[in-house]
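Please build the complete structure, drawing on both the sequences and the hints.
Final position of the sequence shown in this note's numbering is 1954; the numbers increase by one with none missing.
These aren't lab readings, by the way, just hints derived from the structure by calculation. Yeah, the Cβ is synthetic: ideal placement off N, Cα and C, and Gly gets one too. Any given hint might turn out to be false.
Distance windows between CB atoms, simulated [stated by the list, open to error]:
id : residue 1 : residue 2 : range
1  : Ile1418   : Phe1496   : 50 to 58 Å
2  : Glu1797   : Phe1496   : 54 to 62 Å
3  : Ser1520   : Trp1465   : 38 to 46 Å
4  : Pro1723   : Gly1919   : 34 to 42 Å
5  : Ser1306   : Gly1537   : 44 to 52 Å
6  : Lys1611   : Leu1354   : 29 to 37 Å
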Amino acid sequence: MRNNWKWLLAGGSLLVLITGLSLTPVSDPDLWIMLTTGRHIAESGQIPHTDLWSHTANGQPWVMHEWLPSVILHGLHKFAGFPGIVILKILLLNLIFFIGIIASRRRGLNPLITLLVMALAVMAGRIGFSERVQLVTFLALTAEIFLLDLLERDGISARAFLIIAAAGFMLWANSHLGLMSGLVVLFIYLLDSLLTGFRQGRWSPFRILILGFLIACLATLINPYGISLVKPFFKFYFDPRLIEFDRLIYGTIHEYTSIFSPSIMGDAAVRWGLGWMAFSALGIILNWRNFRLSSLLLWLAFFYLAFYAVRFVPLFVFATLGFTAANWSQILTGFSVKLFRKYSNLSAKPLFWAACLGVALAGVLLGPGFTEKPAGTHPLGLDGRAFPVEGTRFVKENFPDPKILNDLMDGGYLIWNHVPVFIDGRMSPFRHVLEDYVSIIKGDTALMNGYGVDLALLRYPRSGKSLSSRLHEYLSGSSRWALVYWDDICLVFAKRIGKHGDPILKYQYKYINPIFTDPAAPADKFQQELSRAMEQNPRMVTPYLAAFNYYYQRDLVLAESYVRQGLAIDGQDASLHNNLGNIHLTKGQNSQAVEEYSKAIALDKNITEAYCNIGYIREREGNYEAAEKYYAKILKSIDPLNTWAYNRMGMMLITRGRPREAVRYLSKGAAIDPNSEAAENLRKLKTLYKIN
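Here is the structure:
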């Protein structure tokens, strides 16, 4: 009991850290699907079984695993708005780690070591600190492992365990499909108890757990969908069509990227997750004398999930939190170095106070809720930068009953606003649509026409790898489509059909396009449309990016003026810094140009143009090794299809007297685009050197 103050301080420090990292505005696109479902259930009194909100999959079977939290979230939003949702998220996350603190205290672990291990777990799991229903699974998983440890230490009766397991899995089955991970955990502990039975002859835990496992399986069937709730989970392993659909998901949606993918390993949150994996594994190895089969199986099972999809990293953290804290507490508490023994009593309190202060300060200094205040957002509100708020309003006011093509991640927001979508984050109704959607986004306009699409609300092509560049190019250049709206978030294109005639006539942009510059655009017409966009929203940054058209018209003074005005509005815009770098480069101010390009990269690690520009400057300086690093970075992890980078790699090798090596790079560029500079230079090289 004498250490109670330490546990209270440890818990308080973690509370500050967790709150700081999770006090962020609502930004998760799936929340809108939950709110829309909750609204439908509240208004109709019926739980949906088919798609109701798309024009491509309407009527297709749909199992809404999260129907119960959807009702709760809708009620909370109606009563307390977005602040209520953010506060609920913070409370749930703190409750998860509070359970971890209680479990560690009951096991007699060292408070200092537990605090440090849990602080590391917070940093590793923060990738999941969003307003998503998966928080239910994080909480349920942590509570389940705590309950199993209580049962193992006779801290709870068998009857109480079985009752809680039945009720818990019934609620879990109506809240999130993550309940399957709960069944996996229960099965792992069942295997561990089986091993204990053979070793020690204690079969009571095994009998309780096998009964608990059967009860949990039956409890999951108490839901509006019955066996259909979990059937797809097993079919994904055996049905060839679902296996192919699964591969398509993993190859299309960012959160399903492998944690070891080069495209995301640079993310700080991912590196924390990888660090936790290594730290947890090292704890198992170093504490081999206290080896538990359940610890190893938990590590392997959830590592398998995280390996295939980064979205499962937080699940790995919470599944391994308990035994990782126990392992490291036992390792470090048993450390027998004389110096540690000699000074342990003298340093224990100061060290503990310092650790608590450090963890709390980390929450204040690192937490975006305490430190970042982006324009137009509030930590307890809606992140207006994350959703096409004004674009959706424009569509609703001017284009009734559209057949819209939308970005997958914007579908939830659109259905919340009663706009029928092409696709959204619900995967099961769109099994026959997702592949077509990907093809359309890549530029298959014939397929798009086959769906009767007459309006497109799309995000800007991201820097680096962008599937949608060709589609944007088609919509921007086609006489059958008109650009009618754009802001910092999205663009709206309308098809030239009868019912769209008046809105197109009123809102069309003929001479300005924020994606594709047109140096030949009449200056007076361009300026009129630019001024119109700026008047639409004076805090909008994109018009100042579009104004870079003056750079291509060789009016550097006006171009620089607009860039600096844009930076005054948002100094964190990577593209504006890149544009300012281009102006410096044109003026011959290479050092200032590199400085601006470096700022752009620091703000957006995938901004291909800035890497290209620095690489080209280094190439012109004769620093080929430095140039190669920038070009290789693009081709390795940002944009493997960048023909310009392949061309420059090849041309550098030619300059350095290595034409045969240059062929390899130029050939790759030519294979991607036969009309590229790489293809032209390859033809010249083969002719000049007679290379086959």
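Against which earlier hints does the structure fall short, listed by number upward? 1
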